[in-house]
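The task is simple: from the sequences and hints, build the whole structure.
Sequences listed follow chains E and C, in order. FYI, my numbering numbers position 88 of the first sequence as 88, with every residue one higher than the one before it. FYI, my numbering numbers position 227 of the second sequence as 227, with every residue one higher than the one before it.
Since the hints were made in silico from the structure, they are not lab data. Check before you lean on any hint, since a few could be wrong.
Dumping the calculated DSS-like pairs for lysine-lysine here, alpha-carbon to alpha-carbon at most 25 Å [stated by the list, open to error]:
{"id": "1", "chain 1": "E", "residue 1": "Lys221", "chain 2": "E", "residue 2": "Lys304"}
{"id": "2", "chain 1": "E", "residue 1": "Lys127", "chain 2": "C", "residue 2": "Lys145"}
{"id": "3", "chain 1": "E", "residue 1": "Lys221", "chain 2": "E", "residue 2": "Lys86"}
{"id": "4", "chain 1": "C", "residue 1": "Lys135", "chain 2": "C", "residue 2": "Lys145"}
{"id": "5", "chain 1": "C", "residue 1": "Lys135", "chain 2": "E", "residue 2": "Lys127"}
{"id": "6", "chain 1": "C", "residue 1": "Lys135", "chain 2": "C", "residue 2": "Lys236"}
Covered stretches of chain C (chain E as the covering partner; in silico rule of three or more C-beta atoms under 8 Å from a C-beta of chain E) [said to hold, decoys possible]:
{"id": "7", "region": "45-59"}
{"id": "8", "region": "123-130"}
{"id": "9", "region": "186-197"}
{"id": "10", "region": "202-211"}
{"id": "11", "region": "226-238"}
If you want a taste of the chain E side facing chain C, the calculated C-beta under 8 Å gives, among others [said to hold, decoys possible]:
{"id": "12", "residue": "Gly15"}
{"id": "13", "residue": "Val36"}
{"id": "14", "residue": "His40"}
{"id": "15", "residue": "Trp53"}
{"id": "16", "residue": "Arg116"}
{"id": "17", "residue": "Tyr123"}
{"id": "18", "residue": "Asn125"}
{"id": "19", "residue": "Phe130"}
{"id": "20", "residue": "Ala131"}
{"id": "21", "residue": "Ala187"}
{"id": "22", "residue": "Glu346"}
{"id": "23", "residue": "Ser347"}
{"id": "24", "residue": "Phe350"}
{"id": "25", "residue": "Val354"}
Using N, Cα and C, we set each Cβ at its ideal position, and we do this for glycine too.
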Amino acid sequence: MKNVQFMEIEGRSFGYLALLGILGAIILVALGAWYVMEHHGHYVTGMNNAVVWGTPHIFAIFLIVAASGALNVASISSVFNKTAYKPLARLSGLLAIALLAGGLMILVLDLGRPDRLIIAMTYYNFKSIFAWNIILYNGFFVIVAVYLWMMMQQSMNKYSKPVGVAAFLWRLILTTGTGSIFGFLVARQGYDAAIMAPLFIAMSFSFGLAIFLLVLMAAYKWTGRPLGDALFRRLKNLLGVFVAGVLYFVLAYHLTNLYATEHHGIEAFILRDGGIYPQLFWIGQIVIGSLLPLLLFYHPSTGKNRTLVGLGALLVIIGGFIQLYVLIIGGQAYPLEIFPGKEVIESSFFDGQVAHYAPSIWEVLLGLGGMAVALIMVALAVKILRFMPTSLADEDVDPHHSA
Amino acid sequence: MTDKTYNADLSRRHFFGKAAAAAGMAVAPGVFLRQVHARPADQAATSEQRWGILIDTDKCAKGCDSCVTACMDENGWGRADASEDKSGPHQKAQWIRKVTIKDKQTGHVQSLPLMCQHCENPPCVDVCPTGASMKRADGIVLVDKHICIGCRYCMMACPYKARSFVHEDLEDQKVVAPRGKGTVESCTMCVHRVDENGTPACVEACNADNHNAMYFGDLKDPNSEISRQLKQYGGKELRADLGLNTGVRYRGL
Ligand code: SF4
Ligand code: SF4
Chain E
1 MKNVQFMEIE GRSFGYLALL GILGAIILVA LGAWYVMEHH GHYVTGMNNA
51 VVWGTPHIFA IFLIVAASGA LNVASISSVF NKTAYKPLAR LSGLLAIALL
101 AGGLMILVLD LGRPDRLIIA MTYYNFKSIF AWNIILYNGF FVIVAVYLWM
151 MMQQSMNKYS KPVGVAAFLW RLILTTGTGS IFGFLVARQG YDAAIMAPLF
201 IAMSFSFGLA IFLLVLMAAY KWTGRPLGDA LFRRLKNLLG VFVAGVLYFV
251 LAYHLTNLYA TEHHGIEAFI LRDGGIYPQL FWIGQIVIGS LLPLLLFYHP
301 STGKNRTLVG LGALLVIIGG FIQLYVLIIG GQAYPLEIFP GKEVIESSFF
351 DGQVAHYAPS IWEVLLGLGG MAVALIMVAL AVKILRFMPT SLADEDVDPH
401 HSA
Chain C
1 MTDKTYNADL SRRHFFGKAA AAAGMAVAPG VFLRQVHARP ADQAATSEQR
51 WGILIDTDKC AKGCDSCVTA CMDENGWGRA DASEDKSGPH QKAQWIRKVT
101 IKDKQTGHVQ SLPLMCQHCE NPPCVDVCPT GASMKRADGI VLVDKHICIG
151 CRYCMMACPY KARSFVHEDL EDQKVVAPRG KGTVESCTMC VHRVDENGTP
201 ACVEACNADN HNAMYFGDLK DPNSEISRQL KQYGGKELRA DLGLNTGVRY
251 RGL
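Right, dumping it as structure tokens:
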């Protein structure tokens, strides 16, 4: 790495202020939506007593998973000593913190009693994975903040490697914890699987890097700073590997489920009979979210076109949302098997029937607000502190680059 | 720290109402001896009892929902709570419900009530981040409405869809069963009655209707009616494969 210069962005342009304005407006609208939900109660949302986690959870879990993945780039530079990624490490840490904050905001505001946050922080049931996660999330903030400090203060640079290793291990545990929220639910046919943890880790790699790539492209384009082709290609190829990784775990998950007879019901539901869910699975998750991006990334002609690669990253994000929708909503919509071997012919609580769920506008707005919170944090931070190198041109970042 | 524990205790005590009454209330001589240890009003529930309900599906009448109505009236949910009118049918509380099932192989049709099974190893309690979901020493599983943050993780974890989330503001709560917007609730086995040596409202209503399909009692007392019935005729757990050792058992399934 040559002399990489980090510099705040100027942040006085019309475009920048417009960006802040738009994000701020989205956040205000989201808070309004939250107020409506809070004031009236959750009957205004799409949730009910069968589908208890709705759209806010999809946004929140997406952001939390992506937060852990956004740290990848920093981890690769510190833990695996890849110098080419070093200039990106600060931005990667920043994005990780911002995405997690956005995700947690949604989660908290979607609680039935958000006013009792203090109870969530002071009463712990240590058998609950949720309770561990509260600790893991808070720890992540602290450890990544320290990591950024080690990287940004010259005299502390020597510690950035051990702290980076700690952050890397922490994030693996964190995503394992997030995946285990589902993996430990014995009652639900769609969730009870140990593979949830590695699947979530693969998802975090993929979603996090896709967001990172888009933020990087936007930030460098809008500030007029150079972003080298070689670096861009590396990131793109890495994202392709991650997308393929998710596909592999999804395949493994469904194949193991198909092997076990007790899971045939949920498999048929998600893959074939479940109406909207198979459509979302095959078209949204598999084609739009996995195959199309892979094609865009690796096809010799489209892989060189930044716009198309950016589109591919966007599709990964959309596909990721759809994947979580299928997993979270589909898993709840599938009826609980309370009477094996029997068929429910009458029930005042819709037993044995596919649960109904339709996202409400309030839920979607709250979710978008969380994303806006993450992005505004990044936009403000890069103006205040030195997160972004002035140049990411290949000759400035890669000592072995020959151009 | 002490402060917190104190508050928790206080709210729990407040919530669970008064404790067991006089020893003389006992019905059988065997029970009488045990009841000598009945707890004074300010003592916590003990593990000397494990309360349970046995449901005889052969006696449970199709189309009858006396137990459901009685539970609504006793605890103030469903049609007994007119203020809960904005929630849709999928959103309304369901502490107990009637289900009719048909055996896929034989075509045999049965009707039965389904409510919180008061698991000995309750997944809802395991996953609850704050400890609001909890099991009393005597096996009754409850939600402390003062600690519940409304995360609904317990609802995800319960294999029987036994829990409800309160979707809106409520009025005129029953003193014995406080409910609250944004928190989760479920069958309490009429803990306020049990603590006064009473019987859950559903069981009482079933007997009053002469269906006698429900037995309530102490599973740890070999002389209780429920224990004798279970010993003689057996009783199944729903989803026994999950190993939850439920306090509610079904005969004839
Ligand atoms: S039936 Fe459900 S709510 Fe009741 S104790 Fe078991 S897991 Fe908890
Ligand atoms: S909704 Fe309440 S009782 Fe249920 S897990 Fe969350 S805090 Fe515990």
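Now for the hints, and whether the structure bears them out:
1. With a C-alpha separation of about 17 Å, the suggested pair Lys221 of chain E and Lys304 of chain E falls inside the 25 Å cut-off, and the hint holds.
2. A distance of roughly 20 Å separates the Cα atoms of Lys127 of chain E and Lys145 of chain C; the hinted pair therefore holds under the 25 Å criterion.
3. Restraint check: the Cα-Cα separation between Lys221 of chain E and Lys86 of chain E comes to about 20 Å, which is no more than 25 Å; the hinted pair holds.
4. At roughly 14 Å between alpha-carbon atoms, Lys135 of chain C and Lys145 of chain C fall within 25 Å of each other, so this suggested pair holds.
5. Restraint check for Lys135 of chain C and Lys127 of chain E: satisfied, since their Cα atoms lie roughly 14 Å apart, inside the 25 Å limit.
6. A distance of roughly 21 Å separates the Cα atoms of Lys135 of chain C and Lys236 of chain C; the hinted pair therefore holds under the 25 Å criterion.
7. Under a criterion of three residues with beta carbons nearer than 8 Å to beta carbons of chain E, the stated coverage of the region 45-59 of chain C fails, only 0 such residues being counted.
8. Using a Cβ-Cβ cut-off of 8 Å, 7 residues of the region 123-130 of chain C lie near chain E, which meets the minimum of three, so the contact claim holds.
9. Closer than 8 Å: that is the beta-carbon criterion, and the region 186-197 of chain C has 0 residues meeting it against chain E, so the requirement of 3 is violated.
10. Closer than 8 Å: that is the beta-carbon criterion, and the region 202-211 of chain C has 0 residues meeting it against chain E, so the requirement of 3 is violated.
11. For the region 226-238 of chain C, the proposed coverage by chain E is not satisfied: 1 residues have a C-beta within less than 8 Å of a C-beta in that chain, short of the threshold of three.
12. Taking 8 Å as the C-beta cut-off, the interface hint given for Gly15 of chain E is violated, the closest approach to chain C being about 40 Å.
13. The interface hint given for Val36 of chain E is broken, as the beta carbon of that residue sits about 13 Å from the closest beta carbon of chain C, more than 8 Å.
14. For His40 of chain E, the interface hint holds, the least distance from its beta-carbon to any beta-carbon of chain C being 7 Å, beneath 8 Å.
15. Restraint check, Trp53 of chain E versus chain C: the minimum CB separation of about 6 Å is within 8 Å; hint holds.
16. Taken as an interface hint, Arg116 of chain E checks out: its beta carbon lies about 5 Å from the nearest beta carbon of chain C, inside 8 Å.
17. For the restraint placing Tyr123 of chain E at the interface with chain C, the shortest Cβ-Cβ distance is roughly 4 Å, inside the 8 Å limit, so the hint holds.
18. About 4 Å separates the beta-carbon of Asn125 of chain E from the nearest beta-carbon of chain C, less than 8 Å, and the hint is met.
19. Given the 8 Å rule on beta carbons, the hint for Phe130 of chain E holds: about 4 Å separates it from the nearest Cβ of chain C.
20. Taking 8 Å as the C-beta cut-off, the interface hint given for Ala131 of chain E holds, the closest approach to chain C being about 4 Å.
21. At a threshold of 8 Å, the smallest CB-CB gap from Ala187 of chain E to chain C is about 3 Å, leaving the interface hint in force.
22. Because the closest C-beta pair between Glu346 of chain E and chain C is about 4 Å apart, less than 8 Å, the hint holds.
23. Checking Ser347 of chain E against chain C: minimum C-beta separation of about 5 Å stays under 8 Å; hint holds.
24. Because the beta carbon of Phe350 of chain E sits about 7 Å from the nearest beta carbon in chain C, less than 8 Å, this interface hint is met.
25. Interface hint at Val354 of chain E: violated, since its Cβ lies 12 Å from the closest Cβ of chain C, which is beyond the 8 Å cut-off.
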